[in-house]
Amino acid sequence: MTHTFVGMPPFPVAAREALADTQLRHNLGHATATIRGKRDQVVAEVENWEELRLAGAAVKDRALRGLDQHLVQLEESLTDRGATVHWARDAVEANRIVVDVARRHRVDEVVKVKSMVTQEIGLNEALQAEGIAAWETDLAELIVQLGGDLPSHILVPAIHRNRAEIREIFRSKMGGVGRAAPSELSDDPAALAAAARAHLREKFLRARMAVSGANFAVAETGTLVVVESEGNGRMCLTLPDVLVSVVGIEKVVPTWAELDPLLRLLPRSSTGERMNPYTSTWSGVIPGDGPQEVHVVLLDNGRTRALADEVGRQALRCIRCSACLNVCPVYERVGGHAYGSVYPGPIGAILNPLLKGTGDPQTDSLPYASSLCGACFEACPVRIDIPEVLVHLRSKVVDGHRDDRIPKPEAVAMRSASWTFAGGRRLGRAERLTRLGIGVGRRFGAARWTATRDLPTPPKESFRAWWKRTDGRLDR
Amino acid sequence: MSARDEILRRVRSALTDVEPDPDPVAAPRGAAPADLVSHFAERVADYRATVVRCTADEVGAAVAAALPAGARVVVPPGLPEVVAARLSDVRVDDGLSAAELDQVDAVITGCRVAVAETGTIVLDHAPGQGRRALTLVPDRHVCVVRADQVVADVPDAVAALDPGRPLTWISGPSATSDIELDRVEGVHGPRVLHVIVVGEIEQQ
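In order, the protein sequence lines correspond to chains X and C.
Take UniProt numbering: the final residue in the first sequence is number 476, and no numbers are missing along the way.
Take UniProt numbering: the final residue in the second sequence is number 204, and no numbers are missing along the way.
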């Protein structure tokens with residue numbers, strides 16, 4: 001369970017390995033096709049889906065454009081309702097805050113609601129380093145955690161595993177960390193879910209501290225919202241005495257009423273349901289009901305960097321529905337691990353470079369992990385123009401390499417092209433050599449380029465040669 | 001500089017090119033279904049929950065019929081007496097521990113509002129609905145919904161609810177799609193959701 005995405009190879013390398021895994025491709029193809037079908041059906045039921053998308057985008061944009069005011073208001077309303085608000089510039093600060101709360105209560109374990117942001121900051125590893133066990137309680141997260149694996153999807157992190165693999169993980173690993181799976185466990189999904197229920201109930205009933213994220217945080221009322229299916233979220237948010245919620249600053253929704261479009265867009269886009277089974281909302285401490293000590297950690301960790309990018313900041317509208325993953329022809333074939341991050345797929349390809357900045361070979365490879373087909377933009381419930389941001393980030397990656405001492409082959413090619421095009425005589429000479437050049441390129445130099453792209457077939461005669469031969473008159 | 005001030009400073013310097021939008025966004029609404037209550041009942045049933053409709057006189061019988069023989073039942077304080085009138089062995093929640101709730105088979109509650117379009121019931125945990133753990137730990141949740149509590153869609157529910165209260169939106173029994181995206185009902189919350197819609201049916 002110490003597996004992290006740190007040190008993952010760049011996308012093209014990781015993707016090649018994933019593509020060779022036929023089991024993975026089969027599991028992914030089945031899962032993404034299933035979810036696409038369900039989503040299309042329930043989205044088609046909504047007569048004004050496009051207007052709803054516009055409203056969802058507008059709410060999130062409004063939240064971001066006044067983010068400083070909304071954050072201050074959120075802090076105030078949370079504090080008024082008995083919550084303790086912490087601010088964390090980065091992962092280290094956020095983890096420190098959670099560890100300190102655990103230490104103060106002398107707990108050696110916490111139960112966790114599925115949360116992308118705590119994976120982003122490596123909270124489980126930070127807790128483990130302090131001798132505190134963090135139990136993931138979402139079924140898919142449990143599969144990933146027990147399997148010593150990494151999540152590969154935003155919504156269904158174990159999408160790359162099929163039922164036979166899950167049964168093996170439960171049988172071999174559950175007993176080591178708690179209640180063992182029944183020895184005659186079958187691979188029927190209902191039986192597997194029942195085994196997870198029994199295994200985790202023991203932990204829910206004894207846990208004194210829980211950690212969650214939040215899908216939304218309402219500035220006006222200090223209300224946090226967690227959207228889920230299994231009831232594990234409700235267990236964590238309700239039974240323990242102490243609750244710590246780590247919330248990215250982009251989760252803010254200005255007013256209570258503006259939750260409406262988001263609550264309508266998210267489940268239909270995400271699981272293809274009209275509504276997810278459970279949505280929990282709470283504002284601070286509720287006397288006599290649920291945790292009596294409530295902490296909220298407001299986390300930056302690169303979000304303000306993304307916010308400063310005028311084209312890229314729209315990525316902070318993301319409500320983590322994962323619709324873009326399920327429609328992406330690239331994701332469907334390579335799966336989530338190849339993106340080397342807790343945020344995979346099209347949204348991950350823009351979010352990671354925006355949060356971390358470009359400059360690292362792994363991060364820099366992500367804006368290219370796309371065919372730019374645009375399906376992700378069509379699917380996005382808050383209208384993030386992912387292709388636009390991908391192209392924008394590609395230009396940033398290229399700009400970042402302009403002063404490299406050893407330029408990339410593409411840069412050399414482009415520089416010499418620029419020199420050639422700058423002079424008529426040079427261009428004429430080059431054109432005469434084009435057919436030869438492409439032939440040679442095909443055979444030798446451009447093999448890596450042409451593995452993933454087509455080289456055009458050159459014309460028999462260049463325009464200049466034709467003009468010279470006919471003096472601009474029509475051919476006879 | 002504190003983390004708070006540093007983050008707020010970064011936010012402000014990231015946004016120098018834009019002005020805040022002062023006015024809340026109003027989202028479009030869909031057309032309301034003609035028969036809200038029937039629409040609600042159909043949508044709840046779609047989640048593989050059980051839905052029963054009855055008149056006010058029949059509530060006690062409908063609740064009794066929703067429980068297996070010998071079921072250990074808990075109810076919240078403030079539940080109308082008529083709802084659990086036919087049951088012999090009922091415990092009123094007086095702060096039962098989670099372990100004690102785990103020994104209970106079923107819970108009976110009312111709700112605050114119900115949403116026709118999505119088949120959702122919302123509890124605000126006022127008297128008659130119990131604290132949050134009550135409808136979570138037992139395996140069977142019997143929820144009594146009055147026909148006049150059914151609203152058309154999510155915006156109506158959001159407008160009706162008090163965000164200062166804890167809220168639990170329930171759409172069918174607990175479920176997961178984590179194994180090959182096959183939906184399986186019953187993970188950590190109640191595995192059975194039994195909704196009883198009370199109202200003169202011909203009036204709907």
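Hints were generated in silico from the structure; no laboratory data involved.
Cβ atoms here follow ideal geometry from the backbone N, Cα and C, with glycine treated the same way.
A couple of the hints might just be wrong.
What the hints assert, rightly or not - For the chain C half of the interface with chain X, some residues (derived, Cβ under 7 Å), not all of them: (1) A32; (2) C54; (3) A65; (4) G78; (5) L136; (6) A160; (7) S174; (8) T176; (9) G189; (10) V192.
Each hint tested on the structure:
Interface hint status for A32/C: violated, as the beta-carbon distance to the closest one in chain X is roughly 12 Å, over 7 Å. This hint is violated: C54/C has a C-beta 24 Å from the nearest C-beta of chain X, more than the 7 Å allowed. Hint status for A65/C: violated, given a least beta-carbon distance of 24 Å to chain X, over 7 Å. Annotation: interface hint on G78/C violated; nearest CB of chain X at approximately 14 Å, more than 7 Å.
Checking L136/C against chain X by beta carbon gives a least distance of about 5 Å; that is within 7 Å, so the hint holds. Against a cut-off of 7 Å between C-beta atoms, the interface hint on A160/C is violated, since the closest Cβ of chain X lies about 11 Å away. At its closest, the beta carbon of S174/C sits 4 Å from a beta carbon of chain X; the interface hint therefore holds under the 7 Å criterion. Interface hint at T176/C: satisfied, since its Cβ lies 5 Å from the closest Cβ of chain X, which is below the 7 Å cut-off.
Look at G189/C: its Cβ gets to within about 3 Å of chain X, closer than 7 Å, so that hint holds up. The closest approach between the C-beta of V192/C and any C-beta of chain X is roughly 13 Å, which is over the 7 Å cut-off, so the hint fails.
Hints 1, 2, 3, 4, 6 and 10, counting from the list given before, are not met by this structure.
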